[in-house]
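Undergrad: Mind docking chain B on chain A? Use the hints.
The primary structure of each chain is shown beneath.
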Amino acid sequence: GAVVSQHPSWVICKSGTSVKIECRSLDFQATTMFWYRQFPKQSLMLMATSNEGSKATYEQGVEKDKFLINHASLTLSTLTVTSAHPEDSSFYICSAPTRGVSYEQYFGPGTRLTVT
Amino acid sequence: QKEVEQNSGPLSVPEGAIASLNCTYSDRVSQSFFWYRQYSGKSPELIMSIYSNGDKEDGRFTAQLNKASQYVSLLIRDSQPSDSATYLCAVKDNYGQNFVFGPGTRLSVLP
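Chains as they are written, first to last, in our numbering: chain A, 2 to 117; chain B, 696 to 806.
To be clear, the hints were calculated from the coordinates, so they are not data collected in a lab.
Watch out, some of these pointers could steer you wrong.
In silico negatives: residues of chain B with every beta carbon more than 12 Å from chain A [what the hints assert, rightly or not]:
no., residue
1, 708
2, 740
3, 768
Quick list of in silico lysine-lysine cross-link-like pairs, DSS-like style, CA-CA up to 25 Å [claimed, not checked]:
no., chain 1, residue 1, chain 2, residue 2
4, B, 697, A, 42
5, B, 697, A, 65
6, A, 21, B, 737
7, A, 56, B, 697
8, A, 42, B, 737
All C-beta atoms, glycine included, are put in the ideal place defined by N, C-alpha and C.
Looking at chain A on its own, in the form it has when it is part of the complex (with noise of 0.2 Å):
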């Protein structure tokens, strides 16, 4: 299957600082990728959509000025929690969807952030 991968795969960062979060497709190019956070014993939940050369698409109730996302390229999206709080610990996880014959979203290893 397709390659994502994740960096950091975890951080420490101090309340009311900022944390980036890159998500790369190694082996295949996306115009488009998603970012979704897991809390402990919880469901997925997307929060956006990463599109490249465009704005994000933000989903219902996720702040977008708090979480700035940027698809810089055809392998690359960015997702930085601004002004971060204890409240936004969580595992955030990228994915990516591939093309062509078979339409299938692979997900990069995750992100623990811990916010102290």
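TA: Relative to the frame of chain A, chain B by itself:
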């Protein structure tokens, strides 16, 4: 609102048994269906995709799709303790690019 429903479990089966995981979806125009496995603390991993009615087998896994009943299932034969994980059902329609995920079923395979 498109919905995907799964029994949250936990579903417990003894080692060597067949585990049966079920999923129903609300959007009749859905055409693509996927099963993901998620181990605790890890991200989801695609294990099966199915697009046509009927069965699709891959090793110990068999996906079954019935579009008329809006039902998709995953059978795991000869279940192993390493199969213990949460299994997510995902559905994609023909219009958007996103998948709608179910809440997942937690499977526990007992040695």
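Undergrad: Confirm or reject each hint.
TA: Status of each hint after checking the structure:
At roughly 21 Å, the least C-beta separation between residue 708(B) and chain A is larger than 12 Å, which holds for a residue marked as non-interface. Taking the minimum C-beta to C-beta distance to chain A, about 7 Å, the non-interface status of residue 740(B) is violated against the 12 Å cut. Every CB of chain A is more than 12 Å from the CB of residue 768(B) (nearest about 19 Å), matching its label as outside the interface. Note on residue 697(B) and residue 42(A): the hinted pairing holds, with a Cα-Cα distance of about 22 Å set against a maximum of 25 Å.
Straight-line distance between C-alpha atoms of residue 697(B) and residue 65(A) comes to about 23 Å, which keeps the hinted pair within the 25 Å bound. A C-alpha spacing of about 20 Å is found between residue 21(A) and residue 737(B), which places the hinted pair at or below 25 Å, so the restraint holds. Between the alpha carbons of residue 56(A) and residue 697(B) the distance comes to roughly 24 Å, so the proposed pair stays at or under 25 Å and holds. Between residue 42(A) and residue 737(B), the direct Cα distance comes to roughly 12 Å. Compliance with the 25 Å bound is thereby established for this hinted pair.
Against the hints set out earlier in the document, a violation occurs for number 2 only.
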